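Asks: Counted from 1, the sequence shown has number 96 at position 96 by this note's numbering; the numbering is strictly sequential.
What the hints contain is simulated information worked out from the structure, not anything from laboratory work. One should not assume that every hint holds.
[As the list claims (entries may be wrong)] Here are the simulated SDA-like pairs of lysine to any residue, each with C-alpha atoms no more than 20 Å apart in a straight line:
id	residue 1	residue 2
1	LYS352	LYS227
2	LYS227	ILE255
3	LYS222	GLU84
These figures come from a predicted structure and were not determined experimentally.
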Amino acid sequence: MAQRSSPSEDLIEFWLDKAVEWGQATTFTSQQDVCLHLQKLRTFLQQLCQKLQTMNTTVAMRTFPLVGQLFGRLCWNPYVIADEESQRTLLQCLWCLYSAEPQNTVELKANDWLWNLLCHLISEEDKSAASTSLQTLSCIPEELHSNLVKDESAIMEFTCLRGYSLYNFFRPLSDRLHSLSVLCLPLVTHPEAAPLIGTLLLCPEFGHNGALSAEFLEAVGKAVLEKKLVLDEPEVMSLWLRCLPSLEKATLHLIDSLVSNESLLPQDMEHLMMDSLLPKASAYHAPIFLTVKDIFRQMLLESSENTPVQSIIRLFTRCFVQSLLLEDMQERLPLKVFFPHHPQSLVMALLKLPSEVPSHVWEEHLKWISWTLRNVVEVEELTGCGNRLAFRSHYRLFENWFLLVQCGDWVDVAAQHLTASDSETSGALLWLLAFYHHPNNESQQRSESLAVARGVCDHLKSLFASAPPTAAHLETLLSLAATDSQQCRTPHLIDQLAVNFVVFSEGGNAVAKEVVRAMMHWSSRKVVSALKAGIEHRLNRYGLMDFKAHSRLKIMQEVLQEQ
1 MAQRSSPSED LIEFWLDKAV EWGQATTFTS QQDVCLHLQK LRTFLQQLCQ
51 KLQTMNTTVA MRTFPLVGQL FGRLCWNPYV IADEESQRTL LQCLWCLYSA
101 EPQNTVELKA NDWLWNLLCH LISEEDKSAA STSLQTLSCI PEELHSNLVK
151 DESAIMEFTC LRGYSLYNFF RPLSDRLHSL SVLCLPLVTH PEAAPLIGTL
201 LLCPEFGHNG ALSAEFLEAV GKAVLEKKLV LDEPEVMSLW LRCLPSLEKA
251 TLHLIDSLVS NESLLPQDME HLMMDSLLPK ASAYHAPIFL TVKDIFRQML
301 LESSENTPVQ SIIRLFTRCF VQSLLLEDMQ ERLPLKVFFP HHPQSLVMAL
351 LKLPSEVPSH VWEEHLKWIS WTLRNVVEVE ELTGCGNRLA FRSHYRLFEN
401 WFLLVQCGDW VDVAAQHLTA SDSETSGALL WLLAFYHHPN NESQQRSESL
451 AVARGVCDHL KSLFASAPPT AAHLETLLSL AATDSQQCRT PHLIDQLAVN
501 FVVFSEGGNA VAKEVVRAMM HWSSRKVVSA LKAGIEHRLN RYGLMDFKAH
551 SRLKIMQEVL QEQ
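Please work from the sequences and hints to get the whole structure.
Replies: What follows is the structure in structure tokens.
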């Protein structure tokens with residue numbers, strides 16, 4: 001039944017009829033019907049409570065003559081009061097009706113009835129203790145309610161494991177599990193119900209649609225996301241495997257948490273990522289990994305230059321690889337399961353963490369990655385020129401770039417090596433950076449971008465070779481960067497090159513300081529700070545921080561604080 005913005009007598013009559021039909025929920029049919037109607041009942045009670053707050057008892061009873069019968073029946077329905085939100089709203093409604101200073105016989109009689117009902121909600125066994133509690137409390141004592149939920153959960157868990165009647169014994173197990181999951185809807189926000197919910201989640205699947213109700217799975221997913229329910233890791237993974245919306249919401253919640261908090265340091269972001277359980281779950285279950293990857297893919301399709309999301313994708317993949325390496329070799333899933341559409345040699349090369357490859361072979365490793373990717377990209381560009389295969393070719397280009405984004409740590413290493421590489425090597429490394437930052441460029445555009453990037457790179461090398469830096473050198477750098485920025489060709493690439501030269505080049509500290517100051521004319525403090533933090537985290541993480549890099553990072557921080 002559609003809910004209205006304000007409760008009417010017809011609506012109260014509808015819910016009273018329902019309450020009469022349910023009784024005290026002694027039959028399975030009534031129990032299931034209560035659970036299925038709980039969300040609408042909550043909304044109705046909240047609207048009614050708001051209305052009652054504006055009335056005294058006499059006016060309320062005159063306006064809603066059936067409300068007393070309704071509350072009386074709902075308060076005696078164990079499946080209604082087991083739902084924390086419904087119970088809390090019922091208590092608020094009863095207190096709205098209670099008269100602190102009764103003015104007439106109606107209010108006196110109503111107070112007696114309300115007092116008994118409130119005592120019932122607090123404790124069925126000890127009315128005197130309940131009455132004493134009510135004199136100081138306006139809500140149900142948490143300990144008593146906790147014990148109630150524990151008892152109900154224990155009974156349901158026993159039922160889940162052993163069946164609950166001769167009739168149900170002969171019903172298919174999937175039907176029984178589905179019924180139990182519906183009955184658990186009021187309990188999902190109660191920590192005491194976690195063992196029961198975990199038991200249900202770990203039950204075997206039955207058929208295409210599964211045994212557990214979709215409403216139950218979505219309610220559990222919401223409770224976990226809001227930290228109202230804590231489950232063990234296998235139970236959360238089972239939830240995500242059974243309920244795609246829960247996995248999607250968990251992924252989007254993580255992304256939003258990382259993007260919205262700009263003050264997070266890289267190490268804090270890594271802790272949040274690991275605490276989310278998504279990388280570990282992805283390493284254990286390929287379907288989870290592929291679903292998370294699809295969400296990232298869609299975000300990049302909407303905006304290929306979404307730099308914060310690119311950083312999150314890279315972080316997720318790094319944590320995923322770490323979780324994968326922690327698994328026993330015999331139980332570890334093959335990489336082909338996670339990356340089914342890429343050459344496995346390229347996947348293996350990119351997924352290797354820089355810490356797993358000796359630093360003296362990084363250059364050769366990067367040249368091989370660049371050469372392999374470049375061959376694939378150029379073949380796809382030729383294949384897609386002016387024919388019906390263009391769409392498929394564009395898709396493959398995107399997928400190769402997406403793979404590089406996932407393994408972006410190697411892009412950072414390439415930028416570092418450009419500060420001291422020879423001409424042949426720098427060509428391969430610059431192509432890798434240009435493809436990473438501007439994947440949509442076609443062959444001619446990419447050639448132009450590479451020419452600009454090479455010009456900036458060569459100028460930075462000559463600038464750091466001069467001591468002290470000349471004004472002409474700095475003016476030329478500013479001119480190159482400003483021209484490129486106006487044409488929007490390679491701004492991110494130039495920012496990354498400049499910061500890496502500041503940190504890793506052999507030039508003096510005076511040059512480094514002037515280059516950072518120059519960057520403030522074509523870039524922003526936010527961008528430079530983020531690049532600095534990323535380099536600092538990578539060096540510390542892999543044990544690569546040395547005295548020169550540390551002192552240069554300190555210089556960068558000093559200049560940034562001047563701005």
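Asks: Hint numbers the structure violates, sorted upward?
Replies: 1
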